[in-house]
Amino acid sequence: MKWRNPVDLVRDALRGQRARDKDLRNLVSNLPYEGLEKSKQPNRHFPGNAIKTTKYTLLLFIPVNLFEQFHRMANLYFVGLAILNFVPVVNAFQPEVALIPICAILSLTALKDAWEDFRRYQSDRKLNNTPCLIYSRKEVGFIERCWKDVRVGDFVKVVCNEIVPADLLLLYTADPDGVCLIETANLDGESNLKQRRVVPGLCISDPRFEPESFNGIVVCEKPNNNLNHFKCYVERPDEEKVGAGLESLLLRGCTVRNTDHAVGFVVYAGHETKSMLNNGGPRYKRSRLERRLNVDVIFCVILLFAMCIVAAVGHCLWLQAVPGVPPYLVPDSAGRLDSPALSGFYMFFTMIILLQVLIPISLYVSIELVKIGQIFFITNDIDLYDEGTDSGMQCKALNITEDLGQVQYIFSDKTGTLTENKMVFRRCSIMGVEYPHKENAIRLNVLEEAESEEEIIFNQPPRTGWSMDFENSEPEGRHHHHHHHGSRRKSKVSGQGQKDVAFSSPLETDVIPDRKLLQQISRSQEKDPYLDFFLALAICNTVVVSMATARRRRASWFSPSGRTNNPLETVSTLVKKVGSLFTSGQKPIHQHLTVSKSDMVIEEDDLSSEGIREKTEDLDGLETCSLHAASPSHKESAASDNLRYEAESPDEAALVYAAKAYGFTLLARTPDSVTVRLPSGKDLVFELVDTLAFDSNRKRMSVLVRHPITREYVLYTKGADYAIMELLGTPYAEHFSGSEKNIASDTQHHLDCYAKEGLRTLCITKKVVSDKEYMSWSLQRQRALAAIEQREELVMETAVQLETNLSLLGATGVEDRLQENVPDTIIALREAGIQVWVLTGDKPETAVNIGYACRLLEEEDLVINMSCKNKAVCTSILDCTLEEVRRYDENPQNVDTTPNISLVIDGRTLVMALSPDLENRFVDLTKRCRSVLCCRVTPLQKSKVVKVVREKLKVMTLAVGDGANDVNMIQAADIGIGISGQEGMQAVMASDFAISRFKHLKKLLLVHGHWCYTRLANMIIYFFYKNVAYVNLLFWYQFFCGFSGTAMIDYWLMIFFNLFFTSVPPIMYGIMDKDVSAEILLGLPELYRTGQGTGEYNFFTFWISILDAFYQSLVCFFIPYLVYVDSDVGLFTFGTPLNTVSLFTILLHLSIEIKSWTVVHWIIQVGSVALYFIVTLAYSAICITCNPPSNPYWILQSQMADPMFYLICIITTVVALLPRYMFHVIKNSIAPSPLIQAKLLDRLDPSARERCIREWRSFRGGVHLEDSRSSTPPSPALEIPVEMYTKSTGAAELMEDEFVLNVITDNYLRHNGPGT
Amino acid sequence: MMASSYNAKEEDGPHSGTPGLGGAAVTKSKKPDNTAFKQQRLVAWQPILTAGTVLPAFFVIGIFFIPIGIALFVTSNNIKEFEIDYTGVDADSPCYSCAKDFSWNSTTSCTCSVDFKLEQPFESNVFMYYGLSNFYQNHRRYVKSRDDSQLYGDLSALTNPSKECEPYRTSNGLPIAPCGAIANSLFNDTLELYYVDSNGTRKEIPLVKKGIAWWTDKHVKFRNPGGNDNLTVSFEGNSKPVNWRKAVYELDPTDSENNGFINEDFIVWMRTAALPTFRKLYRIIQKKSSNTATLPSGNYVLEITYNYPVLSFDGRKRMILSTISWMGGKNPFLGIAYLTVGSICFFLGVVLLIIHHKYDTRNTSADIPS
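Keeping their order, the protein sequence lines are chains A and B.
For the first sequence, the positions run 461 to 1776 when the working numbering is used.
For the second sequence, the positions run -3 to 366 when the working numbering is used.
Simulated from the structure, these hints should not be mistaken for laboratory data.
Just so it is clear, the structure is predicted and the values come from calculations on it, not from any experiment.
The C-beta atom is built at its ideal place from N, Cα and C for all residues, glycine as well.
A portion of the hints provided could be inaccurate.
[What the hints assert, rightly or not] Per label pair, the in silico range of CB-to-CB distance:
hint: 1; chain 1: A; residue 1: 731; chain 2: B; residue 2: 29; range: 31 to 37 Å
hint: 2; chain 1: B; residue 1: 111; chain 2: A; residue 2: 1683; range: 55 to 61 Å
hint: 3; chain 1: A; residue 1: 848; chain 2: B; residue 2: 29; range: 57 to 63 Å
hint: 4; chain 1: A; residue 1: 1623; chain 2: B; residue 2: 35; range: 46 to 52 Å
hint: 5; chain 1: A; residue 1: 1646; chain 2: B; residue 2: 287; range: 24 to 30 Å
hint: 6; chain 1: A; residue 1: 765; chain 2: B; residue 2: 29; range: 45 to 51 Å
hint: 7; chain 1: B; residue 1: 117; chain 2: A; residue 2: 1679; range: 44 to 50 Å
hint: 8; chain 1: A; residue 1: 780; chain 2: B; residue 2: 111; range: 50 to 56 Å
hint: 9; chain 1: B; residue 1: 223; chain 2: A; residue 2: 780; range: 19 to 25 Å
Construct the complete structure from the given sequences, taking the supplied hints into account.
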């Protein structure tokens, strides 16, 4: 390296700082500067791609780590004590000895930190050395380098299935359309493919991309952590600016899929990449238990001070009472004795040192260890593992496990949390005509049943003939079903791990067309609104079309195998496997398949039995398609059948599949065009002019296309009904049929019906844009897109401009199915005394419906609906309702019949109710409600609700959600739980715990929460007890040594006592004890209530245990004292039995508390005693003069040769533990706590246990929570303006419906069956 | 079947961790192991403390404790103990004059004799103790004021005693051996016991002064510097503790095995007592033959060379004669404690039996109370 002027260096560094801080960065290619020294590199100021997530360096580890550790109060306290011990007048121990505890704790923590850091270092190194391809001018090609060598300004080539090493601006892809598909699952968990396209207007013309020809300047914004936002433009040499956004950015950590290779320009590297900026460490929250604990630690401090003052005053008085100068008072070196007052003052500090253990510093370390253990068990619970997503439980916050056992309020999101967020097309309304899709509903019902009662279905032929095997003869068709269920079942067992298939279940992909609608379509002409409706469904979206054959394979994050492994190779080997499966197992079907489809082989590329099932399913779709297709050859439609749609929003995919079912098949989507195959078999290629993407303000999205036939600009818009309805222009139908139907009102009526059924609704509209209109708009649009400031606002503005005067085509109802076991879980949580609130952005009708479906609302519930427009009304409603409810509660007649009150409130009313003056009343009302449903709430309102409830009611709150809109709420609650679902990872990132299904909440709270809480609570109580009991021995002794601060136990043994002999058992107890088995806890959710509120760790239990500690220490001290009084016992000879006795007492005390003894418990308990004797014996045998003045030499040995020692140990232990033992026995016998009763159930054999659980629940009034089909009429109406929802008629209606449907189906089959 | 097994394999295939988190990649399925330990299903013994289950324990404790208590009580009662306070607080006590005008600095020794009568003969070996009351040998700074390495015979500690010995570390510029407050306050009364015949003649009772210290103390912990021969030379450069009349090598000039640091009276003193009222073994009176009592009943005279001042700090000095059993000296407490606890346990057992009959039967049936 050449010598450089230091001034230059400083100047350069400053320039670098400025360059990094600027709002806009100018980046140029590195290639012209290749090989030059560093100071000539234009991009040298920006960090390289090497990452370093380690906190420490090898050299600075000790100072930095110590510095961090001393940020803790506890450690400072310890150090303070150690320093105090170096002051000669007050020291209680040898100064060096007093350093041991602090050193032990510091070094343990340092070791832990070092290990963690080393792990980080290793993973960093692994990442940094991952190979990648960087363009080199010298080699004229891409050469293999490591990730860490990537610099800003480099050109990096990423091959299919490889992971992007840095944030790349996409310049070139192998795809002729300049598209690159990526999967961002590593980043945000979204498994669908996303489309990225090259920056337009750059290097496209070249058949081969030449990085050297790139001579533009890339101007991009400062790095930020927003994954969904990126602004940049490329300034070409001719000074033309080409805007680029997120759609051209490949983020570090994404995987390139379905694209052979892509080349990008590195804009951010290393720590400046978006994924690294998003990388927050674990969160630290303080649990309620810990807050309570800190209060008790303060009590301990007070206790300590009290004891020290007692000793100080005692010493002072004792000295004053001593006449003359006895030989046992040692003067200082000058021969003077301190005055009693001064001695007393010194004694205070000596006693603090002596009794320091009273402040349970080791408790904090132990709690941390216990929580690590608890988290280990939670994350390893197989019941919390979801096969479908291959994800278990994740604990992000390490220190609030016990809060899970105290939850009182749950705030839940609806979509994606209670529901699957996997959408199923259910109904649609076109031009004001409703098409109920009954056949499809039946199919779904059957599938649902199949899911729940697979065994039965598997052995039975299907009940209804919903799947239409028109061309197959009857037996084969039956076979078909058989196969279907069989494979479905298999797939459930084995194939659910296929996360990479976003929408694989036939449930979502298949739609059986409505007969009426099919006929309608067949009659329709070119410009029919029906055609438009389906075209809109097919076009108006951002769905990515991928071929099933090119099914993605997950590449390893690190292994470069993705590059060498051609997916097709794997596929071909698999074909053989699948083929052999077929020939061996299900020959008839195989034949059936090959007969019906010539290119079946390709389809079998599908890697699993599931795939095969899909194909057979697809057959149905194909056949239905061909219902009135003009003449599609099998071959052609088979090709279209291979399509797979991947959408960012599941609604879109559901709609596209629905359109496909009616023959409007979305074939391909490129940035510039959309290809749709019409039912007639004709392929229409729409020129895609623009896409106005969805945003939560507009609540709609649009696509602007150019119709290939009419050459008209057509805008298709779909969105929430309330967002669309106000934008409607003249009804479309008026142009057309002339019938003066008010389509809008009819559709609105249908929409309301859909919502009541719990369907998600979308309105579909169309607008023809004139060329002139388009031209003017397009200019604005261009300007907005190129803007770098306020770009979002401008872009949105242009979108709003265009989306006016829409003509309504129709509406769709999409079902978001409840997740499995949601009703169970909610019932269990409610039985556990947890209030469940659902906060959703949906409309009230949908929310109420889902509320009933998930048993949040019961049919006999009194549902109060609050929805008002102004505050005065809101106030009066609130007051009246509250008054009514109160009166109802207080009425003694209603004691048994009190209906459960549920509140439904909408967002607007909620804002008013949460205003400061109404807040209290609202909270008071909700307190009396069993469940609360908040509809149409914004993310901010969600968090406001949580905050208000949490602060006003002082309760433990838990928020659970899956989407970005739940992040606020998750962060506001005491415990935030993220569901890693379809909507990305923002919620999970913000959460304390991440689960994959809502049902896991049940075990997480009822079992793990309960366990964690009781374990930790009992462990902490025990810890306090232990310290007090042990330290008090020393305190009592002060009364017999003139309060001089003498310890009768060897210091080392004292330290070992806390450090080794009695530390492991409580930790093990805190990690592993099990008061009641998981089965019982799940069977009897009521048991959860024991932890709520103050729970087991409260003021009372704390002081009881402290009192017990005082009693036990008195016994442990005074029984040996009375035995040895006026004998020739030596100081440390006296201390040995005391130490032993308290060891036994403390360990046996724990044994009384331990609820279940596993082999680990035995080993640790017995091991602790053994360790005590081994260590003490060894120490007494070795240490002759090593630890003055205690001289432990041979003391324990001589004691153990004395029968009195054993007699003392036995009787003291018995007397010390007798009260606690008796207390437990008598309490368990006379008034056993629910937990003990539950534990008794554990002993019964399973069948008897089940019976008991049932009896118990019925006894406890759990009846109303049991399935109650027979709905009682709603409770007396309140004379206030509240609406009541009852669902009493719903069930009957549905039944009738089903009956009718069956008939229709039969007819349908007869009509259209074999003949078609 | 094959398809499913293939899927399982694919599941096990590499999955990528979140790169941004910088964590190590999980290279296999995240599915937790289904082991008893990880799923918290280890075979466990789950005792429930109810009257029914613990009943036997109480009776067993009762059954064991009561006989032990009786044995202890009887043993303790069989121990003969005689105690006499010779401090000389009262004007009519024989040692009054000695006690009154005595201080550490006096050079002449004062003697007094105390008469006493043993009502019962002491049959076995008799241990003679001196007892001090209100003497806080367990005071923290007193306890520390010693140098164990010096007592261990360490030559460097002999010339340079530990700082803990201050202010009894050096005297007149010479290091003190043995240093420290404990050694300095060595109990230095001499007690002699005479049996007074019926005809009034005094017969000295032989007192054995060896074997009173712990064997380990005498042979391991305490050593004379430079061996036991010629202690005068060994301690040449040392000063005697300020309160001592004679140097450490003059403690027992007659027996080199009992002189210097390994003098047993000294060793006994150096093992500091746990409580302010304590006794220390002084001499042993060996039983001579099986048919005569070690100390027959009758009159005795205790001749005291009164050197040790205790009155100044309100202390008391006692001489104790005691026989000894397997449980040590006389102490009825443990026996009574065992008896009491045994009885209480028995009583509680009965109480629990009643409770069991009243309540526990309910639990055994499946009927669950509220």
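Hints, one by one, checked against the model:
1. A/731 - B/29: 31 to 37 Å: Holds, since residue 731 of chain A and residue 29 of chain B (Cβ atoms, about 36 Å apart) stay within the stated range.
2. B/111 - A/1683: 55 to 61 Å: The hint (55 to 61 Å, Cβ to Cβ) holds, given that residue 111 of chain B and residue 1683 of chain A are roughly 57 Å apart.
3. A/848 - B/29: 57 to 63 Å: violated, 19 Å
4. A/1623 - B/35: 46 to 52 Å: Between residue 1623 of chain A and residue 35 of chain B, where Cβ atoms are some 19 Å apart, the hint is violated.
5. A/1646 - B/287: 24 to 30 Å: violated, 50 Å
6. A/765 - B/29: 45 to 51 Å: Given a distance of about 50 Å, which is inside 45 to 51 Å, the answer is holds.
7. B/117 - A/1679: 44 to 50 Å: Roughly 46 Å apart at Cβ, these two residues keep to the hinted range, so it holds.
8. A/780 - B/111: 50 to 56 Å: violated, 38 Å
9. B/223 - A/780: 19 to 25 Å: violated, 48 Å
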